[in-house]
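Enquirer: The lines below spell out each chain.
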Amino acid sequence: MKDTQTLEKDQTTTASTIRISGSEAIIRCLIAEGVDILYGYPGGAIMPVYDELYKFRDQIHHVLTRHEQGATHAAQGYARISGKVGVAMATSGPGATNLITGIADAQIDSTPMVCITGQVASHLLGSDAFQETDIIGISTPVTKWNQQITKASQIPEMIAKAFYIARSGRPGPVLIDITKDAQFEQFDFSYEKCKGVRSYNPVPKTDIDDVKAAALLINSAKKPLIVWGQGIILSEAEEELKALMEKAGIPAAWTILGASAIPTAHPLNIGMVGMHGNYAPNVLTNECDVLIAIGMRFDDRVTGNLATYAKQAKVIHFEIDPAEIDKNVKTDVAVLGDAKESLKQLLPLIKTNSHPEWHQEFKDLYTIEYEKVIKDDLYPTKEGLTMGEVLKEINICTKGNAAIVSDVGQHQMIACRYAEFTTTKSNITSGGLGTMGFALPAAIGAKMSAPERDVVAIIGDGGYQMTIQELGTIFQQKVPVKIVVLNNEFLGMVRQWQQLFFEKRYASTEMTNPDFVAIAKGYYIDAQKVTKREDLKAAVEEMMACEGPYFLEVRVEKEGNVFPMIPTGASVSEIRLE
Amino acid sequence: MSEPIAYTVTIYTENNIGLLNRISAIFQRRHINIESINSSVSEIENVSKWTIVVKLQEDQMKKIIGQIEKQVEVIKAYFHTEDETIYQESCLFKIKSNFLFDEREQIETIIKDNNARIVTVNREFFVIEKSGRREELEILYRELSVFGIMQFTRSGRIAVTKDEMKISKMLEAFQH
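Respectively, the protein sequence lines represent chains A and B. Position 6, counted from 1, in the first sequence is what UniProt numbering calls 6; the numbers after and before it change by one each time, with no gaps. Position 11, counted from 1, in the second sequence is what UniProt numbering calls 11; the numbers after and before it change by one each time, with no gaps.
Treat the hints with care, as some may be off.
Which stretches of chain B does chain A cover? Using the computed rule of at least three CB atoms under 8 Å from a CB of chain A, they are [said to hold, decoys possible]:
{"id": "1", "region": "13-26"}
{"id": "2", "region": "56-67"}
{"id": "3", "region": "72-85"}
Here's a subset of chain A near chain B, in silico, CB distances under 7 Å, partners left out [stated by the list, open to error]:
{"id": "4", "residue": "Trp145"}
{"id": "5", "residue": "Ile165"}
{"id": "6", "residue": "Arg198"}
{"id": "7", "residue": "Pro322"}
Hint data in this document are derived by calculation from the structure and do not stem from the laboratory. Ideal Cβ positions, reconstructed from N, Cα and C, are used throughout, including at glycine.
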């Protein structure tokens, strides 16, 4: 793996002009942008670029995934663990359309990604040519920006713009579609990084008057509550957030994408908000007097019923995207700008405080949640294995230092609730889009981006089978990811809803599964299955000690439920413990 | 919750392929009907100006303006009520020429009273053009419909605002 991780090159400008093809220019642009690994799948309309990738293979490592969707999720995993732009590449037509799920996922989760697609030759555009599809039209609603290139001379400027737009401000996916004739065309190449786009203001300037207004509210608060989101991670404001929490003595909760920004063990980290979040931060959202939202967007899975969400509180919203202000929750003070910069300006204005009585309310509610839910999840006394105890064993074995990549469903909620984190950028999951099949390819990207880290993918038996073919990528690339499938032979979250809201009519949620261990072994990946509690610890230890990739299937109880839970349409304070 | 009213949305953008898709998708995904849409050059070189009419509640309108402004190639978006803008639509009526000879006096009176004009006349048909507010165009439509309208078309709204729009200054600020 090491030799593929080339150092980021400082090639902001190639001094002189050279005459090369459009496809060679694409590779030179990627190298100039610091791309060391990209994920993709070749095909007719992108072949000239793959020919150049072959020539440049000692400078840029192309990973052949087993499906284009896998390429996008791998690029997302690469981006989420590193903060760098992930790159995915595909051919025209079905290659391009297969990228869409990953692009939509990156859009809603603000993940910086550049996708490059081949397109039929420009004279064939609109003729229903072989493998022609209008990928610009199709990708428009799910990209931050997209552009079709029909002339080689446009390539350097457009790729520079693509990387700039993908990574700046609120990050997001960009798609560049390049016709085959533009890939072949020779032109005079030079490269200059993009420094700005006149119609685009990525980071609104923090207004000190808004910061002062926020400080005034925070300093006078008796029951302040922070809810932070991924904005903290994207702006690398972890230290500033911690300083604010500690100086003002404010309990702080996180959204699913904000997880890991502050270590789990931090005494002021009071857990997750939202549908399956922790009891105390959900209930006390409706009792706090000042709600300080930082780099989050009040998703409906966080707020529950908006009509009863934090109505008693003054709301402060630190946010980079002006379109998020007042979108779901009316704010009293909006502080636009980069979270790190805004918090830096805020900190000197904040008075030291501790709010011990307010803290006690969180502790009391935690005790209730522990007795009713957590104890049975982590230390079950019944026979069936729980998802929670698997997470507990992983926590013990990795000491909370692993990056956890989760898929979508019950196991995801359990992973986010119970995974312990010591390091930021360590919770990689599909939050907004809820894309089953995300975790296995995303774990590949994460591990290749950070080979020094332990990367553990936690996946359900349903989602695993949506992108199971990426085991081939893991095998071919020798990516030492640890794959844990929590197998309950159900699409568990849907089944839970069927149980609770559809009178146990389990329509199409029960799964008859293959021999997952045999499949992993078919890819020459070490594998074992655990069905008994007494074997779990040793199996997790064996997995983490394994040099290469490892597959661990854990048979968990078939009809386990995830609690707490805020039923759809209910208030956050109506969260159910059973 | 306020009642939906007609807003005139004005958007200044770069002149790029595909932007129509991007803008219309913002309305489409929220199941909002666009009453009329017009795109043209603006007072600034290489900058397009869009005029869109939608019926919305004010808070919904504000959120959509935020989503429009978020698009990379949108320079600035505004929304205005009817009394904050000067606006016009334009329409064309194609009518059989025999009426022009058989009912000449009546047709001339209608054209004069409505501040319309004849664009062209030939042996088969003649064409009347009228610019104005929607209600004025509708009155003319009713009056001409007794003659049988062979073809009718009406443009989207075009509008200028009573207030200044500081687009040039914004673009200058970027250059520095």
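Enquirer: Look at each hint and say if it fits the structure.
Expert: Verification of the supplied hints:
1. 13-26: The restraint on the region 13-26 of chain B holds, since 7 of its residues have a Cβ under 8 Å from chain A and three suffice.
2. 56-67: That given contact holds, which follows from 5 residues of the region 56-67 of chain B lying within Cβ reach (below 8 Å) of chain A.
3. 72-85: holds (count 4)
4. Trp145: holds, 5 Å
5. Ile165: holds, 6 Å
6. Arg198: holds, 4 Å
7. Pro322: Interface hint status for Pro322/A: holds (6 Å vs cutoff 7 Å).
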